[in-house]
Amino acid sequence: MYVTELVNNQKHQVKVKRLDEDDYKKIVKTRFYFNWKTEKKHDVYKLVFQDEILGLMSCKHYTDEKRIEIKLLAVAKENRGKSKKYSRVAGTLIGFACREAIKYYGIEGCVSLVPKTSLKKHYSDYYGMIDAGWQLFLAGQPMLDMLKEYEL
Amino acid sequence: MKQTKLNEKYTDKELAESFVFRNKITPTQKAESDMLLSEMRKEIQKSVTPKQQLLSRLLQLKYQIEDYLENSTYDNKRSFGFFLRGYLETLNKKNKEFAKDIGIAQTELSQILNQHRNPSEKVIIRLEIHSNKILPAILWYKLVEKEKEHEILTNIDLRVNEKDHVRNMVTV
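So the sequences go chain by chain: W and L. Using this note's numbering, the first residue of the first sequence is number 514, and each one after it goes up by one. Using this note's numbering, the first residue of the second sequence is number 1350, and each one after it goes up by one.
Same shape as in the complex, but just chain L:
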């Protein structure tokens, strides 16, 4: 269907709801356009508030977590503690201050950050509340789950140790 036919079939409003068309502009128009766009963007940047800045940084962290969870590859650097540290850095909070914010002992927070302890459900829920739901509990939980899944898949020692406790194995 040619674009003229689309124009006959749909209103401009409906087209804008359905398409972005290829639209070539001349090099002169592009240069002029890029300059104007750049100027206008600078003006917008000048008016960015600290609140907008903070929101965008939290969303950045959220999208990084989402993309990591979506990816099937496990990366031991990207632990729960790694992303939690990212959250603290985004908020510019010291461990002591943050532990107080979410009502846990500083040692517990430190153990979670350093992957010596898994976060409890209450910690996960408190993180959601602390972030004003920008970082939902389910996102934090899935990070723990991804670590656990990797551990179960790859822990050979555990398999060796547990074998001694199993009798009458199914033979097929």
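Here chain W stands alone, though its shape is the one from the complex:
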């Protein structure tokens, strides 16, 4: 899995790891928008390039439903909008949630999120998410497509 540095179009290999207790000291709202300490009850992951955190994602497992729900996701401030430094950060994190769903639940696994109505179409366009009313989800071939696209 990689992110692209947009200034020179260079690809950089990245890793997704669980967030450590020490990381919470480094995570500030000005850079990652939300208060991430409230997510400690869930599985929180960081996408890192070398030692730098480029994005965060909080997930909740619904084991009996073979489903992982993305509760929260934010890419670092410098990677948002028109002047972003790296692309593919959010996609790689969502792809990682798909990886975990396949790892734990196989092809029956599913990744879902409850979107803001105004963003629904964009999640579908970008990540191939399927509209299920209040929720969007990835399962079956669209989930496998995410794994291929983000090289997981």
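Careful: at least some of the hints might be erroneous.
Unchecked claim - DSBU-like cross-link-like pairs, simulated, lysine-lysine; straight-line CA separation at most 35 Å:
| hint | chain 1 | residue 1 | chain 2 | residue 2 |
| --- | --- | --- | --- | --- |
| 1 | L | Lys1373 | W | Lys539 |
| 2 | W | Lys579 | L | Lys1443 |
| 3 | W | Lys579 | L | Lys1362 |
Derived by calculation from the structure, the hints in this document are not laboratory data.
For chain W, the structure is supplied; the task is to place chain L on it using the hints.
Quick look at chain L alone, frame taken from chain W:
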């Protein structure tokens, strides 16, 4: 920055590329939503092909190997042979058939599966080719390396035996 300010700064497309926001729905909406999601998932499951099923099982195996390699703990049950057996089970292949697939003798395969022999480079490369690159050679190689690393770190007998062959040891 409040969300209204984010909306002023970024387009919806840019927000979708950067965030998943907290979005609470009422219990009624949740019940309705969960039911719909469940129904739609069932429909998708009905259309899953054997190829997709196989790909997901191979990816499952790949992710298990990756996570084991990422973990610093050594587990002697999770040997190269253990994961290779998992590969054969995923493909529903008998030893004889698989040995033929990768051009080695059945005895060699059996020895690798039972940890009586390390796989050669050619076997590792053939596994990558056989899996259509889903399980890369480097992943298999790192399993061998992890076993070797553990052996070097923990083999006391070897240290005792080899000491007799060493003279003029550095004294500090």
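A quick look at each hint next to the structure:
1. L:Lys1373 with W:Lys539: Holds. Lysine 1373 of chain L to lysine 539 of chain W sits at ~27 Å (cutoff 35 Å).
2. W:Lys579 with L:Lys1443: Answer holds: lysine 579 of chain W to lysine 1443 of chain L is near 31 Å, not above 35 Å.
3. W:Lys579 with L:Lys1362: Since the Cα atoms of lysine 579 of chain W and lysine 1362 of chain L sit roughly 29 Å apart, the hinted pair holds (cutoff 35 Å).
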